Amino acid sequence: MEFVDTLINILNSTIRVSVPLLLACLAGLYSERAGIFDIGLEGKMLAGAFAGAAAAAVYGSAWIGLGMAVLVSVALALVHGFASITHRGNQIVSGVAINFIAAGSTIILGQAWFNQGGRTPSLPPEGRFGSNTLPFAEELRGVPVIGQIYSGLLSGHSLLAYAAFLAVPFTWWVLFRTRFGLRLRAVGENPAAVDTAGISVTWLRYRAVICTGILTGLAGSYMSLSQNAGFVKDMSAGRGFIALAALIFAKWRPVPAMFACLLFGFLDAMAIRYQGIALPMIGKIPVQFMQALPYVLTVILLAGFIGKAIPPRAGGVPYVKER
Amino acid sequence: MSNPYAKLPAWADYGLIPLINLLVAFFVAGLVVLLVGENPFHAAVILVDGAFGSGQGIAYTLYYATNFIFTGLAVAVAFHCGLFNIGGEGQAYIAGLGVALVALTFDSVLPWWLTFPLAVLGAAAFGALWALIPAYLQAKRGSHIVITTIMFNFIAASIMVYMLVDVLKPRGSMAPQTRQLLEGAQLPKLGWILSEFGLTVRPSAPLNLTFLLALLMAFLVWVLIWRTKLGYEIRTMGFSPKAARYAGISEARIIIITMMISGALAGMMALNPIMGDQYRLSLDFVAGAGFVGIAVALMGRSHPVGIVPAAILFGMLYQGGAELAFEMPNISRDMIVIIQGLVILFAGALEHMFRPWVQAVFASFSPRSVGMNQPKGERA
Amino acid sequence: MAEAAIELVGINKSFGTVHANRDINLVIERGSILGIVGENGAGKSTLMSILYGFYQADSGEIKVGGKPVSIKTPNDAIALGIGMVHQHFMLVQNFSVIENIILGAEHEALLKRSIANARSELDRLEHEYGLEVDPDAIIEELPVGLQQRVEILKALYRGAEILILDEPTGVLTPAEADHLFRILRQLKEQGKTIVLITHKLREIMAITDTVSVMRQGTVVATRKTSETTVEELAELMVGRRVLLRVEKGEANPAAVKLSVSNLTVKDSRGVTMVKDVSFDVRGGEIVGIAGVAGNGQSELIEAISGIRRAVSGSVLLDGSPIDVTGHADPGELRDRGLAHVPEDRHHVGLVLAFEESENSILGYHDKPQYLKGPFLDIESIRTDAKAKIAKFDIRPPNDRLRTANFSGGNQQKIVLAREMEQDPGVLIVGQPTRGVDVGAIEFIHKQLIAMRDSGKAVLLVSVELDEIRSLSDRILVMFDGRVVGERSPDATEGELGLLMAGVEKLEAAE
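Line order of the protein sequences matches chains A, B and C.
All the letters of the first sequence, read from the start, carry residue numbers 1 to 323 under the working numbering.
All the letters of the second sequence, read from the start, carry residue numbers 1 to 380 under the working numbering.
All the letters of the third sequence, read from the start, carry residue numbers 1 to 510 under the working numbering.
Bound conformation, chain A alone (with noise of 0.2 Å):
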């Protein structure tokens, strides 16, 4: 009983920690798929986390909050698509420079607004996205494993989580059913065989970046809005990068992201859990070793030892129409 209990804890808490993971690597899929490569993850979600707390600090409203991040962290989107799709610019060039606009940013105009070292004041229970208590959780308790897994894991969650893991099937929808999930899985792949067919390929990419710039503000605004109550310093804390990861061990593909941002998510929560303790057989695993794993898992993929993780063919290349 015990363990279930246990376990049900880890589980909640691997769903937690995967919820900004899952949003950021849903961002990142629709950018890529694009063609349109974006290591500018982090920064983005960073940006949407502050624009968000500090919105709905000033407002004291989470879904103004929520708007605000969702609109900075578009902008940056759009800054990223102005060099890489106007300006054929170098992607990664743009990335990282979206990175360092946002985490120096971030903190100069929280000090400014705010006074509080880098944070916003602490957000009241009108300006979070609280938790959300699934109907008869609280009846259902007693029940043996499914009622725990009910009320213990399903239940309880903020919005936002239940809408990142709700996109996971509407962008597999997006993408495979509609049309503008065709092009944009197509000007990936071959824009040129976009262009020919008549379609602006500028106007499909820049669409993919600003799809990108929602669920980064979305994200962030989990971040800084469910998970804690208000904007910290740095607080993506490389998560952008680990959702990048995701992405690439998911294949560019949304149902598989979901599980991969899940995995790594759970390798979290194990970590945060089972700081120092000895496992039996093998000891005690250092913390950090876990917190690697997801990093490691992604290099060997990329290595094409287990498996092969091929990118959108027409990935961080900017299109020329040819002559």
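Some hints here could point you the wrong way.
Facing chain A, according to a computed beta carbon distance under 7 Å, are these residues of chain C, among others [claimed, not checked]:
| id | residue |
| --- | --- |
| 1 | P74 |
| 2 | I78 |
| 3 | M90 |
| 4 | L91 |
| 5 | L103 |
| 6 | E106 |
Simulated from the structure, these hints should not be mistaken for laboratory data.
These figures come from a predicted structure and were not determined experimentally.
Every residue, glycine too, gets a C-beta built ideally from N, C-alpha and C.
Mind docking chains B and C on chain A? Use the hints.
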């Protein structure tokens, strides 16, 4: 419509356009300063004064610049081969281990001038090895080096935390750092040189011998890239892999060697804080210098003659930024991170944004100088 | 006479100083197959790209169905019922056939109905024209012939009434090509109008109703196919140009220096481009390989010079083998006396960002005379470069100038000087005068003759028939990856033109 690299006079290409890009970056940074309610011109004065207004300030500026020269050179060497090494941060971090191992082993038995060369080798070797794996994977298995070096930064961070917390931390100590290094691993300061010029520098000012090593490396990188056969091969590969293949240059070999040199250069950055200032290996000692190297290399156009001043500029921002934070509490040192980002954006990703405009200006003076001098029949 | 599906009136198009299309007038009759033939660079593809909205003509008018139209984008062309099958297929490799078909022609935001529509439409097209293809197959798993069929289906699905095919048989096997022709005939019977761009006269004779010949950007003649002959077309295509005469004496062929046997090479897409080619080159002779671009010449010389790995076959250099199917290394071949002037000097033969002197050692940068230990001997490199500049009259005579700033002719001289001055036994030259001004052409030709007269073996590849004829001592003609004939330089243009167009015997054309 025609090629985006239409011809401009060399001075415009290498001087004017980078300058415009840089000015725009600082202009936008100025807007941020305005946004937080301060006067950007006043801020600039405080910044420059804090960095160069006193001997002490200059010593700090050059101390920071030392780090950035190393990491800037590291990024630049890789750029010359057409590779983007984002892993300087991790390579420098791991190299700290190499420095610490040498220093902790010999600091009680050898004088600093014997420990130092060994530590340089240790730093270079560890940095190079940390770059070797991504390089090998790129050369032999086609794994995108940008992604692998990013991953290796995080792996390096985990390893270093583990090493410092569980292995290198002296018994009974709480702080995750090694013991204090003894005199045999403490590099001489260079503050006295500034004193010679009549400036006041306190003995604690961190500018140390590593600065000269950085300048030496800048020179050696210039020699390597423009004066050696290897450098010739690296540049050929960077400009045109097809031409390299035609010239009988092995792609895999050049990628691996270039990345190891790049890693070694990034690694040497570890000497500066560990043996020159803090006298111990501590958590997060790299503090983003690896990433600043990207901005420095882009700004310096991957040439040592550009990299050294770019590094000093960023050194100035770091040192002056500290002073600025003191005078204007609203502007912390994180302002530099913004400027860094803006420099990377405008000097890197948007480097050609103002080119058409500059070309138009040039064309209005002399229509023949701009892109019009394409030789006949070139298009056929 | 049937009504005109398309009328082109006075079309002009220039790229920089190159006049790619000059006053073109062309009438394409509805329900007919028009062939457009011409050598490389004759302006065929440019003209069709204008028709498909890729480029805008500088002047002139396009009429579709008698009405003047403006075609600014491929979208406009599609709306007017013009479809194009590109030489390099515009397909998304990891998409299914049906996804490729509907891309850009989806009727609504959700795909479900578009896919259902496309399925029934495909079904219909399959019955009507015999265009069978599995709608759920993934493109990259299909053979090239079927991929092309998908391109045709794409155009038909969009309601194309006029179908332009750009070199459609370049990647097809003969059987696939025959099948394609059957399909085209059927399309014609259904009233579609077809424009076939090709350089293969056999195809023109086999399938077209009318043929227009393009040369140097203009339409030089339009004939009813039934009223013309391959000889006439070949002559029109190459034209009666004044042969650039180069002073040269009799060749004195000596021992075989380069011997190629049964060489087979694939390109990067996996298409076999060189098929079982064998020939010898002796010291003291120039062997020219004639052929329209894309018939395997490039891959052939790349394989011999160690840049591209061959599938099978062997090559002997001075009697000892080159490991062409394994680890042939261009550097090692240079040491053995094989020099190579590549076809693409911009990306292969030169590094345009380098200074002139740096390019003057590319590939020879590890020779001891240019090195002092691991360092470049700048002094010696520059002295050497200056000597070459003087000898080859490279202008401006500045060894520090960026190579990109030299004219095409002078860039080519930089490459030639580098490769010739190393005194190689064998010289492979690809397109030595492409994009080179007239003055430099003469100079380059003289240098090649001088190489021959000093007893070197020269293998010359050029799409300029003139050049091949005036320089070569023996001419091999390549077509579709094979050497289809050997002729002496006295062979007429018509005869060579026929070979280049894949007509081996005159009877075959009848």
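Status of the hints after comparison with the structure:
Taking 7 Å as the C-beta cut-off, the interface hint given for C/P74 holds, the closest approach to chain A being about 5 Å. Restraint check, C/I78 versus chain A: the minimum CB separation of about 6 Å is within 7 Å; hint holds. Evaluation of the C/M90 hint against chain A yields a held restraint, the C-beta minimum of about 4 Å falling below 7 Å. About 6 Å separates the beta-carbon of C/L91 from the nearest beta-carbon of chain A, less than 7 Å, and the hint is met.
The closest approach between the C-beta of C/L103 and any C-beta of chain A is roughly 5 Å, which is under the 7 Å cut-off, so the hint is satisfied. Against a cut-off of 7 Å between C-beta atoms, the interface hint on C/E106 holds, since the closest Cβ of chain A lies about 4 Å away.
Checked against the numbered hints listed earlier, the structure breaks none of them; every hint is satisfied.
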